[in-house]
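Asker: What follows is the residue order along each chain.
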Amino acid sequence: MSFPPALDIDWAHLAPALALLGTATIGLLLALFQRDSRLTAAVSLLGLATSFAFNLSLFLGDAGSGASFGLRYLADVPALAFNFVVIVGTALAVLVSYDQVGRMEMDHPEYYPLVLLSALGAMVMAAAGDLVTLLLGLEVLSLPVYVLSAWRTGARQSEEAGMKYFLLGAFGSAILVYGAALLYGASGSFVYADVVAALAGGGPLTLATLGAALVLAGLGFKAALVPFHQWAPDVYTGAPTPVVTYMSVVVKAAAFAALVRIAATVAPEVAPWLQTALAVSVAATLLVGNLAALVQRGVKRMLAYSAVAHAGYVGLAVLAPGHGGLEAAVWYLTAYTLMNAGAFAVLSLIVDRNDRGDDVERFAGLGQTRPGLALALTVFLLSLGGIPPLAGFAGKVMVFQAAIEAGYLWLALLGILTSVVALVYYFRVVAAMYFRRPEYEAPAFRSTATDVAIAAALAGTVLLGVLPGWWHDAIRGAQTVMGF
Amino acid sequence: MSVPSEYFVALSAVLFGLGAVGVVTRRSAILVFLSIELMLNAANLAIVAYARQWTVTGGGHALEGQGAVFIVLAVAAAEVAVGLGILVAIFRHRVTTDVDQLAEVRA
Amino acid sequence: MTETASGAAQLVALAPLVALVGALVNGLFGRGIREPASGVIASAAVAVGFVLSLVAFVAYPGEADGFRFVFAEFLRAGSLAVDLGFLIDQLSLVMALVITGVGFLIHVYSVGYMRGDPGHARYFAQLNLFVAAMLVLVLADSLPLMFVGWEGVGVCSFLLIGFWYQHRQNADAARKAFIVNRIGDVGFLIAMFLTFKVFGSLDLATVTSAAPGIAYGAPALTAIGLLLLLAAAGKSAQLPLQLWLPDAMAGPTPVSALIHAATMVTAGVYLVARTGDVFAQAPAAAATVAWVGVLTALVAAVAAFAQTDIKRILAYSTISQVGFMVAAVGAGAYWAGIFHVVTHAFFKALLFLGAGSVIHALGGEQDVRRMGGLGRRMRVTGTTSLVATLAIAGVPLLSGFFSKDAILHGTLTSQLVADAGGPFLFALLLLTAVLTAAYMFRWYYLVFAGEERLTAEAAAKVHESPAVMTVPLVVLAVGSVLAGYLGVQEFLGRNLIAEWLSPVLASVPFDHLSVGAEWALIVGSALAAAVGLGVGYWLYAVDKGRTVKRLEQAPVAALARSGMGFDAAAQAVFVRPGENVAEGLALLDRDVLDRGLAAPVTAVPRLARLAALWQSGYVRLYALAMLIGAAAVTAVALLAGVSR
Amino acid sequence: MIGFLIVAALAIAGGVLVVAARQPVHAALALVGTLIAVAVAYVMLDAHFLAAIQVIVYAGAIMVLFLFVIMLLNVERQPPAARWGWLRPTAYGVGLLGVVAVAGTALMERRPAPDQATVDAVLQGGSPERIGTVLFSEYLLAFHLVAVLLLTGVIAAVSLVQRPGEGRGAEALPVAALAEPGPREGEPA
Amino acid sequence: MITLLPLIVPVVGAALAALAGARRGAVTLVALLSTLVAFVAALLLPGAAAIDAPWLPGVGVSFALDPGGAASVLVVVVALVMVPTALFAALSVEERPGRFVAWLLLAQAGLAGIFMARDMVLFYVFWEGTLIPSLLLLGAYGLEKRRAATLKYLTYAVGGSFVMLVSILAVKALSGAATFHVEDLVMAARGLPAGTQAWLFAGLALGMVVKVPLWPLHSWLVDLNEQNHPSGAADVLGTLYKVGAYGFFAWAIPVLPLGAERLAPLFIALGAFTAVYGAVVATSQTHLKRLLAYASLSHMGIVAVGVFGLHVAGLNGAIYFLAAQMLSTGGLFIVTGMLHARRRSFDVDAYGGIAKSAPALAALSLFLVFAFIGVPGLSNFPGEFLALLGAFQTSPFAAVVATLAVIGAGVYGVNVYQRLFQGPAVAEARDLGPVELYVLVPFVAGVLWLGVVPAPQLERIEAQSQVAVLQLADAGDDPRADGGDLVPGPEPELAIGGAR
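Chains P, A, V, S and E are the protein sequences, given in the same order.
So for the first sequence, numbering that gives the first Met the number 0 puts the first residue at 0; every next one is plus one.
So for the second sequence, numbering that gives the first Met the number 0 puts the first residue at 0; every next one is plus one.
So for the third sequence, numbering that gives the first Met the number 0 puts the first residue at 0; every next one is plus one.
So for the fourth sequence, numbering that gives the first Met the number 0 puts the first residue at 0; every next one is plus one.
So for the fifth sequence, numbering that gives the first Met the number 0 puts the first residue at 0; every next one is plus one.
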């Protein structure tokens, strides 16, 4: 490589992210003059819409020329697809927060800007073509989320969540950085494409494997893969529900966006046992997430474990990048974003203003008292459980198909068996809503914004489930991915 | 004959390991955090060491490493800002930095 | 197969439909139909059937070997093709005539017998349905369709036995009949499966024409034969499935006459005769059939002595007589079996109807010990019953004599069963003939002759039945006398029935007897009747039952009263263990299997709690887990690297 | 080589103290020591600019912040571990395993060190100019993202600490917390 | 378009019924109209065109429906059964009848999909999608132990079908088929070795056996029927939803013929055992619905025997039996609902001699009982007969054992009828009202239709079973493809075991 390198700077590729940055700035400025965060929320939605429009135009444009900054920013098909996921997830979270931040007494002006900055980090992670950009994206993504987890200062659960998340997150980042250092040592570069080239040319394999392993471990932390998952249930339980709505989908999507890219580029060049180690981790994730979710009484915590379990399902796709796993991961995360954010949106209406009261008993008789809410939650949960014809099912088909074609039949079997467990715990909530009489007063809180979020997620879950083909076709352009 | 870069890497591994052990063994959140800083530094040391090593293939690779160290430093700084912020915010209510007190959400 | 057969012969195919229409009219609109319209409709339907059968019979070209009349396709699967089609030939026409002829008389009789019963419309609907099913049975051109009729008559039998369902024992009797018949049906079903496997078809014509081409004594044929025997035993109340028939007397008496005497119980005989070509190639099966028939005849005859119910005596007699027929078809004397079916239809129907007339007259009394001397007060009934008694006893010149003689002749001369104890068959049958004459004398004497032992109220009511009941008796009596002349032994004249049936029945080689031997046989047969009647006369009329009273103390008498203990044995060996097994399995299913399968499932939450236990809530332990994870990966990396 | 050993010894000693020191302040000061030792190592590795940054920014600014917070929060001496006696040895054991593995791998795949001439030619002592060039070319995007990151960090930290209604000084808080014995928000009363 | 009607009409009806909510008149109208329209649409199916539209082309899933073959029979029967069932449900469910009917109708659409799907993933979609309405019916409208029953049902059904899903995916992945369309799978899977096929078959079978159901995975069915809403309408759905045998018939066997041959001895043995077991246990039951559950389990055993005889007659017969028992079993479940409406009990001992007070009910019940126990001339006979006949050609022993269930059928069938309706009149019950009569008439008509003129339906089924038969013939080239061998072949069990 010549030095200094000729740069191919294309700011247009950053347009969706820049839209978020701009909106965040505007939000911060607004906060100086305006106490009502709803305006900020509205502006944020506008910004997200703008970002969406930019992203769409990039997506529909020639995705083949997506690389810029010397292959450090890859606005290719998967990245842009992940951007959609990020935007949609963020928008749903903003809608859920719209009325909730006031109700839960956590209406501080920096809320929405932080969410947007975090989403920006997610986009950077998805598009990162090197480990440094990845690290920066990761931090931009994470720092706001750490703080947002602790957003309800004074609420012990929220504090605890923030602190835990931060400490373990920083630990995870350190591991990732060290892995990056070793990988650099082995290949002389942080850019995936260069790493691949160097390793293909016969670099120190063990060192590279080690570096890649530690990088994967660091990302596995964000994605909540066993044994780096333990923060997730606690943080999801403790953090404010609207924040969980955001991070359960966007953080996970971003982590997997990075994971899948590394799995598709660097991982095949290092020692093959790393793949096996990842498979073991995925297997453990499936088991632990689903089993632990089974014994939860709180629905929020159950969903937290279920989120861990879903990391396992996406993990199946990550293991099979060459067999349709890439698009399967994107697709699955799209579906997951809709259904999981939807479920948390419903949950946010059930919990009280102290963000408590998510016991299964609270859902008893919801089918009678709040039929619409109950129906929506039923759809979300069944979709999470992989029941056709909802989005989660089509996602599972793709993910399992990819895993089987990559030779991970045993993992697919394990995944499906744990899915049975999953369906049992999802169905328990459905059963409470429909098979029991109300035991508590019906949750009285109503929010049009949250209803809109629920409706949108519902429509998405059903539509994507009934017509899964178009989105899958759209992201199958991934053959033209940069650095692959 | 200069010291092989890998010796520095080994040193960084030791520091990294110490940091990691500190994360596990220290009970005060701030000391946990301190240990994490040690780990980040270890990573930086490794990068710098390998940066010198990669001078063999010309300037690009070596300087890429040193640049990265600069950025990691910035990341560490940002983490410190946020971490200490959370720490302070929580300390207001808890009057302790003992991470073992942060175990109400479990199972 | 003459496809261009006379159109008139095909008319018989409509007979079952007519009966079915009759059944539907009474069944669907029964509430709006009064007496005697229901009976008239039903009788008319059967009458039309009889006329159709008669026309077909007359129009049927005697030398033809049958032709088919196909309504529609029935079953189609692979190479299996079963039609809703009738095989109209000599055999089915004879059977149709008997069914509709005797059936018509019994329908008419029923108009009187069932007068005043609130369920009359239901009764006639079911009776018509029975006739339809029975006609399907005999007309069917394939085994499955025959099975349709076969089960159909079983269902009707069930319905009619339990006609007065509010009495528990009637319902029980109906159930017993149905279930025992089902055992036979299993034989029929499996026989069909095997038949299809062997012949690739279930068409009667195909099977019977292909059977002679298969090796003599082939195991498959023997198996088919034995399975068909099981079927026949169920339907025709042969050992060991005979136990339902005595109980079946719980139904109205005309039902007993029609179903459990004249027609349905002879279906087994018809089945064996129909598939005679199979048996002709399977001597072991044929011999088994013959022996089952003979033993049944003997056992039932013994049991008949000990009965006191006017109808149960006749029921055992029926079992015994059907045993004769089965013995005949087993020995290969198919025409003789069918011949006996015909004659038996007349005299046994007559006996039952006579008994019904008596029961009717006595207001429901059925115990022969409280009868006697009724012949003097019910002249028509008494006289006709006497004719029937003499006919069944085998008194020469009456119908029973001819058919029974034909059977004896057949068992003695058949080469098919010669190796399987043919002479013994003959001897036992001859003995049974003696017994038959004796117990029938007992029956007649206790009911119609001797002193009156009526209860006072019965005595006051006794009257001769109305004409609608007595006219059929007379007609049947005429038949009982004359039917025998259809089958006069060849050396005496033309054996009309054997000639008529010969184109369709399997031919089995028989020894040819000299004229002297033939005469000896006839004399022997007549002597048997005479001896039997004589013994009966001595025991009941002369000895006035004193010897009988002593004999009644013997264990064998108790055994005979209970139908030779088959019921108790069946209870002990099948019914009660079966119930216990069912109960036990039900318990196992609920308490063991269910819980056992649930065990691994309920273990999952326990495992899950373990997974959740790991989630201690302590940051440092979480960090340790991460550290262990990372360190493990590095260690593996080093090991893998070193080993490389 | 001797220089390396001294640096290594100092750095490790500091690291051990970070992990083991009873007094939090001691631990922080030990980390400063380690950081300076690492800075010396940077010099040895021809990264002079980074060494300077390390001392100024890291050992200087960041560690001062740490010390300030430690003082501010009055972090007490760590009480002896009451439970999990197994935790410490396990952690050390696992840590050692990881260290051996990483160091072993690095040493196993050791490459000859480049001669000083090459290093000098390429790195030019790790001068600010070289670093600046790479930051504004290769790492242009990253450099911008660092800006975003710092902005984010500042907003995040401030938003949590500096809240309207909770704006009292931190040092006043322990009293306030103690004066509030009732059930806290978020707990069922 | 007509092909889609059996899917669309019930869904629209379900939406309308849900909207109608508690207005019974409206619900009744919707139930009747939508089921009638669906029935008419189903009658038109044999002439309709197949559909094959891309659905998830990237994974090889298409929206492929074929209204021909067995589907044209099964869909029609389902539609016929649903007419009186939905009507009865609309009239007799006390609370929230609209939702009950809506779920019934949704399930109807799902069933139509199961039978028409020609893409294996699509098949699975309908297979699993139908589960939810039936689960919700049980859970929301069942009796007091409904939640345990629901959980059990869910665990069994999902546990089985999820493994089936993996197997489905693995079939395509391992065989290298381009899509999940049945034609592609059949062609591609031929290359799979017998061992692989057997494993894949076992995976498919786990899901299908649960829904046949076969011993020992049957106990959910008993609980389901016992705990379902007393009207019996939900049990009718449970009856319709026993589609496991169809799964074997339409998918597992044609796609994996070698696997089928290898595992057939196991499943035919299970089937024969189930047939006898169900019949025997049924004889000892006094709870009407449990009795029907076990009895129908026995039927399913015979169906399985028919299918796993791997003989064309048995395959035809089994599927025909499957269709036929929908009518007789469904009708009897409705009868139990009517009885319960009269005397609030499912215990046989709470009844006795009610034929006197309710003769029409008794007559129709008896008719259905006779159909149920396989009396010829009524619906169950042709199927039962052909299933056993076909199985006998290849596995005589199993067929003979299964045939013994016929005796048990006689016992429990006649027994329960007599204990309910005959004997001294210890209980009074009002006779059928006009609406109830209309509810039962379609069952009776259907029973007669299927019993008397089975040939047209059998021919349509055979058009589909030929696929399986041809695959089997190619795979094993033994004479099983055609039963017409005059000479008894080699010992059939050996032939099955000796699949190459």
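I should point out that these hints are in silico values taken from the structure, not numbers from a laboratory.
Fair warning: there could be bad hints in the mix.
[Unchecked claim] Some but not every residue of chain P turned toward chain V, in silico, with C-beta under 7 Å: (1) K163; (2) G201; (3) G202; (4) P226; (5) W272; (6) Q274; (7) V287.
[Said to hold, decoys possible] Covered stretches of chain V (chain S as the covering partner; in silico rule of three or more C-beta atoms under 8 Å from a C-beta of chain S): (8) 516-522; (9) 631-639.
Glycine residues also receive a C-beta, built at the ideal position from the N, C-alpha and C atoms.
Asker: It remains to establish, for every hint, whether it holds in the given structure.
Answerer: Each hint tested on the structure:
Residue-level restraint check for P/K163 holds (minimum Cβ-Cβ distance to chain V is 5 Å; threshold 7 Å). Evaluation of the P/G201 hint against chain V yields a violated restraint, the C-beta minimum of about 13 Å exceeding 7 Å. The closest approach between the C-beta of P/G202 and any C-beta of chain V is roughly 13 Å, which is over the 7 Å cut-off, so the hint fails. Evaluation of the P/P226 hint against chain V yields a held restraint, the C-beta minimum of about 4 Å falling below 7 Å.
Taking 7 Å as the C-beta cut-off, the interface hint given for P/W272 holds, the closest approach to chain V being about 5 Å. Because the beta carbon of P/Q274 sits about 12 Å from the nearest beta carbon in chain V, more than 7 Å, this interface hint is broken. Here the hint on P/V287 is kept, as its CB sits about 5 Å from the closest CB of chain V, short of 7 Å. Counting residues of the region 516-522 of chain V whose C-beta sits closer than 8 Å to any C-beta of chain S gives 0, which falls short of three, so the coverage hint is violated.
Note: the region 631-639 of chain V has 4 residues with beta-carbon separation from chain S under 8 Å; the three-residue rule is met and the coverage holds.
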